[in-house]
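Counting from 1, one number per residue, gives the positions in the sequence shown under my numbering.
Honestly, the hints are just simulated from the structure, not real lab data.
Only a predicted model underlies this, so the values are computations on that prediction, with no experimental measurement involved.
Just so you know, not all the hints are guaranteed correct.
As the list claims (entries may be wrong) - Cβ-Cβ distance ranges computed for the label pairs, FRET-style:
1. D17 x E185: 28 to 36 angstroms
2. A69 x R130: 13 to 21 angstroms
3. P71 x Y99: 33 to 41 angstroms
4. Q45 x P195: 18 to 26 angstroms
5. A247 x R192: 25 to 33 angstroms
6. A146 x R251: 19 to 27 angstroms
Said to hold, decoys possible - SDA-like, lysine to any residue: derived pairs with alpha carbons at most 25 angstroms apart:
7. K216 x D197
8. K213 x G31
9. K182 x E164
10. K234 x D197
11. K42 x M1
12. K234 x K255
13. K234 x E164
14. K165 x A145
15. K165 x F98
16. K255 x E120
17. K183 x D131
18. K165 x R188
19. K81 x G68
20. K81 x P259
Cβ atoms here follow ideal geometry from the backbone N, Cα and C, with glycine treated the same way.
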Amino acid sequence: MLVDSHCHLDFPDFAEDLDAIVGRAVEAGVGHMLTICTHVTKFGQVLAVAERFPQVTCTVGIHPHEAGAEPAVTAAQLVEKAQHPKVIGFGETGLDYFYDHSPREEQQRSFRAHLMAAREAQLPVVVHTRDADDDTVRILGEEMAAGAFPGLIHCFSSSRELAEKAVEMGLYISLSGILTFKKSEELRETARAVPLDRLLVETDAPYLAPVPKRGKRNEPAFVAHTAAVLAEVKGVSVREIEEATTANFFRLFRKAPRPAALAAE
């Protein structure tokens, strides 16, 4: 089986055919989907999707784009919301200096609150970073120094140096459909260098559909295309990628309910 470690099933793009979307994912061998919160004010909608499907869990958090518009949250407030059994992590959070939709100081404040929550609850934090490698590494390092926490860099498209530093800090790297794009050779080289036991796969659906679905609405079933390219990059079988990335997901997201087939292992 495969796990889509990052999708947005509460987005309007899926409102009319969500049952079919999840059904196609299951048929494609995607046994678990993690739907990601981007607005804490819309957390109820995210949680409702997770509660609707046994194969879906969720996170709670504020995307860096929304850090200036959403109400400021404390680590304690995030930890409280994560008491629900369907909530298995925090985020997505982080820094996005490419768009700068929110003031950088607000992004950094929000980022630290999520990292503090991850440390307190020992649940993974889902990190978004774009054009902000230096500050991302600095803040992660400073917060790690105060106490370790689990987490991952999602939709990884940054430098090999950032990947190496993240792995050194104990974080995982999640690869999206960007891995399959023709111009992503540098990313494929980075993926080749990251240990297989630190890799996850994701769709970031409805965005970033992988080749050969590029240009279409992305959905969790398409994570299989990213896994196939990752197998080529690593020089292993698709089955090995499926087994490794699934094991990595459940090792990282320890609160996620393991499917019966895996629970027996």
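* Asked: What hint numbers does the structure not satisfy?
  -> Numbers 3, 4, 5, 7, 11 and 12 - these are the hints that the structure violates, sorted from lowest upward.
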